[in-house]
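**Student:** Chain by chain, the residues run as shown.
There are 2 protein chains.
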Amino acid sequence: MVDRIYGDIPGFPVGTTFVNRATLAASKVHRPLQAGICGGIDGAESLVVSGGYIDDEDYGDELVYTGQGGNDPATKRQIADQELTRGNAGLARSQLDGRPVRVVRGAGGDRKYSPASGLRYDGLFRVVDHWHETGKDGYRIWRFRLVTLDSTDLPPSPPAGATGPAERVATVVQRLIRSTKVAVQVKLMHDFTCQVCGLRLMTPAGPYAEAAHIRALGKPHDGPDEQGNVLCLCPNDHVRFDAGSIYIDAAWIVRDSSTHAEVGPLRKSAAHAIDPTQLAYHREHHVP
Amino acid sequence: MVDRIYGDIPGFPVGTTFVNRATLAASKVHRPLQAGICGGIDGAESLVVSGGYIDDEDYGDELVYTGQGGNDPATKRQIADQELTRGNAGLARSQLDGRPVRVVRGAGGDRKYSPASGLRYDGLFRVVDHWHETGKDGYRIWRFRLVTLDSTDLPPSPPAGATGPAERVATVVQRLIRSTKVAVQVKLMHDFTCQVCGLRLMTPAGPYAEAAHIRALGKPHDGPDEQGNVLCLCPNDHVRFDAGSIYIDAAWIVRDSSTHAEVGPLRKSAAHAIDPTQLAYHREHHVP
Numbered sequence: 011m012v013d014r015i016y017g018d019i020p021g022f023p024v025g026t027t028f029v030n031r032a033t034l035a036a037s038k039v040h041r042p043l044q045a046g047i048c049g050g051i052d053g054a055e056s057l058v059v060s061g062g063y064i065d066d067e068d069y070g071d072e073l074v075y076t077g078q079g080g081n082d083p084a085t086k087r088q089i090a091d092q093e094l095t096r097g098n099a100g101l102a103r104s105q106l107d108g109r110p111v112r113v114v115r116g117a118g119g120d121r122k123y124s125p126a127s128g129l130r131y132d133g134l135f136r137v138v139d140h141w142h143e144t145g146k147d148g149y150r151i152w153r154f155r156l157v158t159l160d161s162t163d164l165p166p167s168p169p170a171g172a173t174g175p176a177e178r179v180a181t182v183v184q185r186l187i188r189s190t191k192v193a194v195q196v197k198l199m200h201d202f203t204c205q206v207c208g209l210r211l212m213t214p215a216g217p218y219a220e221a222a223h224i225r226a227l228g229k230p231h232d233g234p235d236e237q238g239n240v241l242c243l244c245p246n247d248h249v250r251f252d253a254g255s256i257y258i259d260a261a262w263i264v265r266d267s268s269t270h271a272e273v274g275p276l277r278k279s280a281a282h283a284i285d286p287t288q289l290a291y292h293r294e295h296h297v298p
Numbered sequence: 011m012v013d014r015i016y017g018d019i020p021g022f023p024v025g026t027t028f029v030n031r032a033t034l035a036a037s038k039v040h041r042p043l044q045a046g047i048c049g050g051i052d053g054a055e056s057l058v059v060s061g062g063y064i065d066d067e068d069y070g071d072e073l074v075y076t077g078q079g080g081n082d083p084a085t086k087r088q089i090a091d092q093e094l095t096r097g098n099a100g101l102a103r104s105q106l107d108g109r110p111v112r113v114v115r116g117a118g119g120d121r122k123y124s125p126a127s128g129l130r131y132d133g134l135f136r137v138v139d140h141w142h143e144t145g146k147d148g149y150r151i152w153r154f155r156l157v158t159l160d161s162t163d164l165p166p167s168p169p170a171g172a173t174g175p176a177e178r179v180a181t182v183v184q185r186l187i188r189s190t191k192v193a194v195q196v197k198l199m200h201d202f203t204c205q206v207c208g209l210r211l212m213t214p215a216g217p218y219a220e221a222a223h224i225r226a227l228g229k230p231h232d233g234p235d236e237q238g239n240v241l242c243l244c245p246n247d248h249v250r251f252d253a254g255s256i257y258i259d260a261a262w263i264v265r266d267s268s269t270h271a272e273v274g275p276l277r278k279s280a281a282h283a284i285d286p287t288q289l290a291y292h293r294e295h296h297v298p
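As they're listed, the protein sequences go chains W and E. The first sequence: position 159 = 169 (this note's numbering), numbered continuously. The second sequence: position 183 = 193 (this note's numbering), numbered continuously.
Wrong hints could be hidden among the right ones.
Same chains, same label: a pair holds when it works inside one copy or across any pair of copies.
Said to hold, decoys possible - List time: in silico DMTMM-like cross-link candidates among lysine to aspartate or glutamate, alpha-carbon distance up to 25 Å:
(1) K278 / D120
(2) K86 / E236
(3) K86 / D13
(4) K191 / E93
(5) K191 / D139
(6) K278 / D68
(7) K122 / E272
(8) K191 / D52
(9) K191 / D13
Hints listed in this document are in silico derivations from the structure and should not be mistaken for laboratory results.
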């Protein structure tokens, strides 16, 4: 296994430009000479966005990045399915671990955000989602949503005077659970009981549960913030559901994605009408 | 139970000033005429920082707020222990739910951040931690760390053109899991197996675990980012540990806080030396 180098590379701050892939590789900001992702099953350290994949979307501080494989460099079209292996597995692993990924943009990418020539290091991003879909050319592609760390990463508090040994350390966001008014409503309907395993996680301040949006809010899924698109889950089953370890079939049975064995029936509440089209979307895009 | 009003009150934007508690109460930004916290076991909607509690700490975008009760208004000193009830229970509940709390500063608070006279609405904060300790006057106080939502709350992505029905919705951060290099090291030492329950949560991209800092990083705990201060936990046991539902005793036994019954032995790894003083700190401050 390669020795991975995560995070900024000293001497190459955000905005550093490179004339070509050889000088970029020499800097270690992105080490492969051709591959778009530097990574493997242990994690991904960097990627290059340079317009090589027809399905890429660049929003500046957010990217929807297409995984590697199945691509014809001559035409930039997909000619085969992609797998969750090599760099793709690396980006998924970096999402699980909350590792920062260096993003390099090259000429040829979205004009609004890419350099006119050469390549530019654009800083650290974190992977917040990954899923698969049928790309514009009709083949399965893996997609990764990345957001810049600058907007999400809060440095820990500076040392509080004489009181403690803390020092400023580099932390990244591994997972961020959001709540909305609808989320709280759904949790109350189930009295904070997990719809998958039945656990009601108790704390001294009361029960705790999380609301899982079945089809994610925001780009590019654009799921609605409605009760029908939300499940009440314990944190463990929330991770499993988001990662596609479990899914809910058309008969409301929770199943394990690797074996398709029954985990149990989804626990329902008469007051909570779940939208089956959102569950189908989850099965289609999040189950490998 | 009161009908709670969470979030901003229309017509009273951040920076609105009030001459006294009566006009503040009339606005509904903070409804009680005297109490510092507007809340109960279902949640807290607002609080006032006005220098009434000797242990309060104000850092502008962060507050360490002392709970209510046991306080002599004449001298501002603590004269009895505080309980996790009423407004204190409300702030703890709002932490679990990820509810926003309106913060009002009054003259009399920290000079750097407080208005010279009257009261001022300073926006929405979220509760990120609560614990108890012995205050400067020798009695048990409950403390709450709040951070401004502006620095942590990411609005969901705007609608992606014609592709979906999403609209800009108000979301707040319910829980945020951070990772550091040390955190990843500890997870690898345990091969992503929970030290409390033995679960190795599998996803299609590999195993998932979280690193729990035993004594929290940052103000005011200032725990070190060292292997001895970190546990490898599944998300459910991470919530339980942070909330004080479970603790680890001096004989390395995991115990339930409400009954002190044994949950099981802490699973250890020869490579991972845990600092017992950090576990003692957790027991002292996070177990009710």
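**Student:** Next, verify each hint and record whether it holds.
**Tutor:** Now for the hints, and whether the structure bears them out:
In this assembly of identical chains, K278 and D120 lie within 25 Å of each other by CA distance neither inside one copy nor across copies; the values are 45 Å within and 49 Å between. In the homo-oligomer, the alpha carbons of K86 and E236 never lie at most 25 Å apart, since the shortest distance is 38 Å inside one protomer and 46 Å across protomers. Neither within a single protomer nor between protomers do K86 and D13 lie at most 25 Å apart by alpha-carbon distance, with minima of 31 Å and 57 Å respectively. Neither within a single protomer nor between protomers do K191 and E93 lie at most 25 Å apart by alpha-carbon distance, with minima of 37 Å and 28 Å respectively.
Proximity of K191 and D139 under a CA criterion of 25 Å is satisfied in both settings, with 23 Å inside one chain copy and 21 Å between copies. In this assembly of identical chains, K278 and D68 lie within 25 Å of each other by CA distance neither inside one copy nor across copies; the values are 39 Å within and 44 Å between. Taking CA atoms no more than 25 Å apart as the test, K122 paired with E272 passes in neither setting, with 48 Å inside one copy and 59 Å between copies. For a Cα distance limit of 25 Å, the shortest separation of K191 from D52 across copies, 14 Å, qualifies, whereas the shortest one inside one copy, 37 Å, does not.
In this assembly of identical chains, K191 and D13 lie within 25 Å of each other by CA distance solely across copies; the values are 14 Å between and 45 Å within a copy.
Figure legend: structure checked against the earlier numbered hints; hints not met, in rising order: 1, 2, 3, 4, 6, 7.
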